[in-house]
Amino acid sequence: MLAEQRTVQAALTVPAVNPNRRRALTPWFFLLPGIVVLLAVGIYPVIYALWASFHKVDLAMLAAGTPFNGGQNYILAFFNSLFTGAVERSLVFLAISMPLELGIGVLLALYLHGTLFPKLLGVVRVILVIPMAMTPVVVGLIGTLVFNNQFGLVNYIIGVAGVPPVDWLGNSLMAFVATLALQIWQWTPFVTLILVASLSTVPPEIEEATVLETDSWLKRLQYVQLPYLLPGITAALIFQTAWIVKLFDMVYTLTGGGPGVSTELVSIYIERNAFRAFDIGTAAAQSVILLILTIMLSNLYIRYFYREAEA
Amino acid sequence: MIGIHFGKPPRLAAAAVAGVLALSLSATVSQPSSAAGWNLKDAAAPYKGTTINVVVLDRPSYTAEKALIPEFEKETGITVKTTTYPYESALKAETLNFVSNSNQYDGILADLIWTGTFANSKWVVPLTTFTGNPKLADPALDLNDFFPVWLDAFKWDGTLYGLPWDSYSGLLYYNKCMLQKAGFTSPPTTWDQLLTKYAPKLTNKSTGVYAYALQSLRGETQTADSFSRFLWDFGGSWYDPKTYVPQLASAGAVKGMEFRAKLAPYMPPGIVSDDHAQVVQLMAQGKVAMITEWSSFYTTLNDPATSKIRECLAVGNEPAGPAAADPAFGGFAYMVSAQSPQAKQEATYLFVQWLTSKAVAPELINKGAVVARKGADTAPAMMSKYPYLKPMVAQWGHSNPDWRPRIPQYPQMSEVVANYGSQIQQGSLGIQPGLQKINDEIKAILTQGGYLK
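Heads up: the protein sequence lines correspond to chains A and B, in order. One point on numbering: in our numbering, the residue at position 163 of the first sequence is 163, and numbering is uninterrupted. One point on numbering: in our numbering, the residue at position 200 of the second sequence is 1200, and numbering is uninterrupted.
Derived by calculation from the structure, the hints in this document are not laboratory data. A quick note: this is a predicted structure, and the numbers were derived from the prediction, not measured. It is possible that some hints are incorrect.
Chain B is nowhere near these chain A residues, computed Cβ spacing over 10 Å in every case [to be verified]: (1) Phe-30; (2) Ala-49; (3) Leu-145; (4) Val-163; (5) Leu-226; (6) Leu-230.
Chain B stretches covered by chain A per the calculated footprint, using a threshold of three residues with CB under 8 Å from any CB of chain A [as the list claims (entries may be wrong)]: (7) 1088–1099; (8) 1113–1126; (9) 1267–1278; (10) 1398–1411.
Incomplete in silico selection of chain B near chain A, CB under 8 Å [said to hold, decoys possible]: (11) Gly-1208; (12) Leu-1217; (13) Arg-1218; (14) Gly-1219; (15) Glu-1415; (16) Asn-1419; (17) Ser-1422; (18) Gln-1423; (19) Ser-1428.
The beta-carbon is built from N, C-alpha and C at its ideal position, and this holds for glycine as well.
Here chain B stands alone, though its shape is the one from the complex (with noise of 0.2 Å):
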């Protein structure tokens, strides 16, 4: 008999066993926990017939969302209505919402890169405010639970203002069926690799193939997946976090973005046009063999219905710089608004803290959205089923919650970075003369803002 041999329990770690088991067995996922006496059927029951307004976007862990939704409202009798997004319309669509109190939105999504602008406006409620009611606050939540450099990023003055949710981290995709064509056995560990030794192998103009495609749309895809990329990893950053000097035309972010147009020969033509959505169709179509794509895209990349490389599809870590291996780093949390009556604020508590939980998020994942929790992320059948859990852990251990800056003022930076960013990439603006101009509007933004004087 091959096994392993724990000697008879004691009855009262059998019982504690037995019971876990039985509690395990019976759960649901509407039922995150019923630890301490507390459960969510009768924390909900003074909000029931409560409707909640949630934003949402259009990417795959809000299509897992919507389709457990139901479920929390049978368990709970209140009723979550969601307004969708494209990424690039959320952050006006909710601060018109809030500039005009029109109190559209209960559940408010902020991207990280949000919360300074959210909590100086006291637009959200701090989260003390319901983990600090017992009658609220699900004692299974956990928050040591989610991962710290996630948690940090939504605090403001040390306040933490939303539950970590549809967390990203950037990851290398890349068609092993492609790379072990060309004689690769694994995929690029830096930059400097993936310019020199693959993407020239990879690159096959004439059949339309390229080895490496970067999403550069003007936007914030251009400042975060396109700009930032390449600052960080060659030794630039945005400023200096003691005294808020710009650093955006340091030697190292002049070395990236001379990195980042040396890239260009072995990009398709168009690049600096194409958003998150064109990048992953021309790697699942199989015409580029690599990206550097948020961790959400894995979904889309294996669905049968949208991808052709299925059996060819790798997740690995980002390549790393000269000067850091700094891999991207994004994702969002849902807040609460200030704006909404109290029992609204306090329904959407529970929705967020029930949607956030330990107890939901395996569900989650298997229906295609990422998560920040480190029991279901970590563990070892779902790192198994889901190659891009183990990238994404091992970079999140790692990651700059200010990979983008997190104040109020990074809205206007990054309109500053996403113009001459771009025209920097497509060559009608050199990159010394680019960076110059984006390291004084931002200068000038921060100075106004009083960082600087």
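Bound-form chain A, shown alone (with noise of 0.2 Å):
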């Protein structure tokens, strides 16, 4: 009895292990659940895009096979109008709301950092935070009520001052105007606690010295709080670069790309490429394209703006 009970006390005890190699293995054990992640929702589906943006992946003609074409995707992508009107489209809402964006979430950092209202502060960061909790699809939905021809909030407001109701969703430049109005509305706040977090670091002591130097808010924002400012700024430059270029739900809800192509951004015509179309191959090499494009215009911004603030 006492020799059975020994083998099973000695078949459960775990072999000992080296306490050196444990401490080693530890930190791996702890990152392996997240590179497992990494690789099947990140690393994966960029190796096959890569792949499938150099073969002919139709989704509707799988039974054709996925035969290797070179780069016929790629030429074709730089070749088609309505990719690199797209692009185009892209690069001019970003060109529009980055300084937009920046310019208010300044304003709105600068006041909530030196703010006359301590008491309100707490208010006015939950008012802040409340568009950037929205999912972008709702927002996208809300859009299309507040911006209906018929009905709408908007041509209500404007129609109590006398202005004729506007075709904001079914004009060309309207439903671009609107579309660039729910992107600052909801992620300018987002700016600004970027930015908030920027001047709270501005050692207090040297923003005392400046208030008794000169009385120009703007000298001060210029000389004193710009340069604590500029990797924040950097931040949210290539944060909402790269949200811009692939912001979908809430255009494809509001204005599904339309009318005509007047909104479809780049994002929304490589779904529809891919997912509408079936194309694949080409939709992935516009993908890869676009990946090229962010990585480079977050270097520059890395380049100008964060070396900058490190001089």
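Combine both chains into one complex, guided by the hints.
So, in structure tokens, the structure goes:
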């Protein structure tokens, strides 16, 4: 009986592991789930997209196979006026929305940083977080109600002021403006919060000294606060550029890319190409081009803003 | 005594009549047939406890389907789960299901324009696999009771892949009160009448009331409802049916798009961003006098909860063009996924066969569905109760199953038309250069697909 117990105990005993080896393995044990998830949802899709971008992959015609077609998908992408038009539209969207988000964001951040009404600060912060917390799909759907031609809130408000109703979502220019307005409304608070965090790194004694030196808030901003804001501005630029380049949900539910192609940003175009026309090969090539574009823009921001901050 | 005297029926005939009466009295919706000893309960016995997943849309026919599913489940012991998609997302969801082998759906909902894609890729099972199995095939299935154009629509290389369900024809819905007020006793029968006689009298921009609304949102709505509607009637077509040479920049196509542009002043602003729901609501709220919409929307327009114009609602044939009267043709079939295990495939077939059966059709129509069953759609009682049935059935007599091509390349072609078609309608692209772009790009797609050399 005792012998049997010993045998069972021996079987259950975990063999001793060298403590040094265990110590070396422990970090990997904690990192492993993250690495697996990253490989599955981050790295694998990128590798698949790279592979698909050099093959003819048509989901509706998979029976015909997926032959290697060299760089044909990239050539098609570069010479496709719809794709280049969508890229241009995204860049224009970025060029308009980004300065506005930054400008309003800086003003709001300065207000929050040196508010005359500190008791309201908590309320304002909550108000700022609400748009960010909303799902982009919901923002787009709310937009269809707000900008509705016949029953929308915006036309009601301008109607009270005697302005005739505007066809917000049926007119190319107005649809683009409505899309921009929603983007700025939702993401300016994000920029603001980043910049508020940056401003909180300015040493208080320096700020106090500059208040004694000059009454001009503009000079204080230019010479004291701006250097501390630049890392935050760089981060906001990178995040927002990546966000706008992949902006899909809100635009899709608001306008579907229309009317015509007036709000068809590049992510909307690629989705159509991939999952409506089922041309995965070309869509993958276009996605790779977009990835390269985003990396290039991010590098530019780091070179011109972040390095200036370091200097 | 007023009546018709039939004379004394022979005993055999009397017994038969009595038998039919007894059967019809005892039959329930969930027991479509007991002919030749076959009945649903026994046929489904091997699949009791099986769960099948079926794709449905957020349209009236599917509300009716979901209302009847519990009866099927009670009769068979098969559980039917549904996954609802908006139309524009359904093809993407089903295609990704197939290419990823995720096997989420057993009952595949196929628009007739997806037939080529699904059948060519062998994602769905030919129907003969089930109809040839006496254990599964209901002897009362009666394929001849389906309108022939609908069976043609779901054939690929001569093989039938699905049973028609949620079947539409484009109809002219009109507000007869508004028409009468403007001095018209009947709806327009041609597009020209609509434009020159009806539209000017029915449009009053100062009150926000318009003669006509054409759903034109970019996507399949632009391609089918807005572009194709004015293609065929004016002498255009997608391509030559024999040579596959595209005809989208032909004189007929140009005339059609020019006519569509002429209608614009009589339509509400922003129509290029309106989908079915918006246009139906404009009609339901009395903001437009006429729309051309699918037969499925009769239920919405006749629903007191959603429509202010029930008393004024009337339905007629789509207006004819100078070249043809080729009404919009669209609709669905349920198919069985080839990726499902055999038991699920068979259970799914039993469900599809039951849902599309002659016996269930009247109940479905009463609950708001549109079906392609001759017996139910042409029954005098049904026709008088549902005024959309008469024009729908009449138009199916001459509808073209290839009103939109059913080849696997259609999704790509539709994207091209939707893109340039909405730009043409919006005025940001000229009619002739726009149609030329459509023609050239579709030619490239057909060439790449091996249809053209």
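Tested hints:
1. Phe-30/A, annotated as away from the interface, keeps every beta carbon of chain B farther than 10 Å; the closest lies near 31 Å.
2. Every CB of chain B lies more than 10 Å from the CB of Ala-49/A, the least distance being 15 Å, so the non-interface label holds.
3. Every Cβ of chain B is farther than 10 Å from the Cβ of Leu-145/A; the closest lies at roughly 12 Å, confirming the non-interface assignment.
4. Taking the minimum C-beta to C-beta distance to chain B, about 15 Å, the non-interface status of Val-163/A holds against the 10 Å cut.
5. In this structure Leu-226/A is separated from chain B by more than 10 Å, as the shortest Cβ-Cβ distance comes to about 42 Å.
6. With 10 Å as the threshold on Cβ separation, the claim that Leu-230/A sits away from chain B holds: the shortest Cβ distance comes to roughly 41 Å.
7. Against chain A, the segment 1088–1099 of chain B contributes 5 residues with a C-beta closer than 8 Å to a partner C-beta. That satisfies the three-residue criterion, and the hint holds.
8. Coverage of the segment 1113–1126 of chain B by chain A holds [criterion: at least 3 residues with CB-CB distance below 8 Å; count 4].
9. Figure legend: the segment 1267–1278 of chain B, annotated as covered by chain A; annotation consistent (7 residues with Cβ-Cβ distances under 8 Å, at least 3 required).
10. Closer than 8 Å: that is the beta-carbon criterion, and the segment 1398–1411 of chain B has 3 residues meeting it against chain A, so the requirement of 3 holds.
11. Taking 8 Å as the C-beta contact cut-off toward chain A, the hint placing Gly-1208/B at the interface holds, the least distance being around 7 Å.
12. Below 8 Å, beta-carbon pairs count as interface contacts, and Leu-1217/B has one with chain A at about 6 Å; its hint therefore holds.
13. Look at Arg-1218/B: its Cβ gets to within about 4 Å of chain A, closer than 8 Å, so that hint holds up.
14. The restraint placing Gly-1219/B at the interface with chain A holds, with a minimum CB-CB distance near 7 Å, inside the 8 Å limit.
15. Nearest Cβ of chain A to the Cβ of Glu-1415/B: about 4 Å, under the 8 Å cut. The hint holds.
16. Proximity of Asn-1419/B to chain A holds as hinted, the smallest CB-CB distance being about 6 Å (cut-off 8 Å).
17. At its closest, the beta carbon of Ser-1422/B sits 5 Å from a beta carbon of chain A; the interface hint therefore holds under the 8 Å criterion.
18. Satisfaction of the interface hint for Gln-1423/B is found here, the shortest Cβ-Cβ separation to chain A being roughly 4 Å, below the 8 Å cut-off.
19. Evaluation of the Ser-1428/B hint against chain A yields a held restraint, the C-beta minimum of about 5 Å falling below 8 Å.
Comparing the model with each earlier hint shows no violations; every hint is respected.
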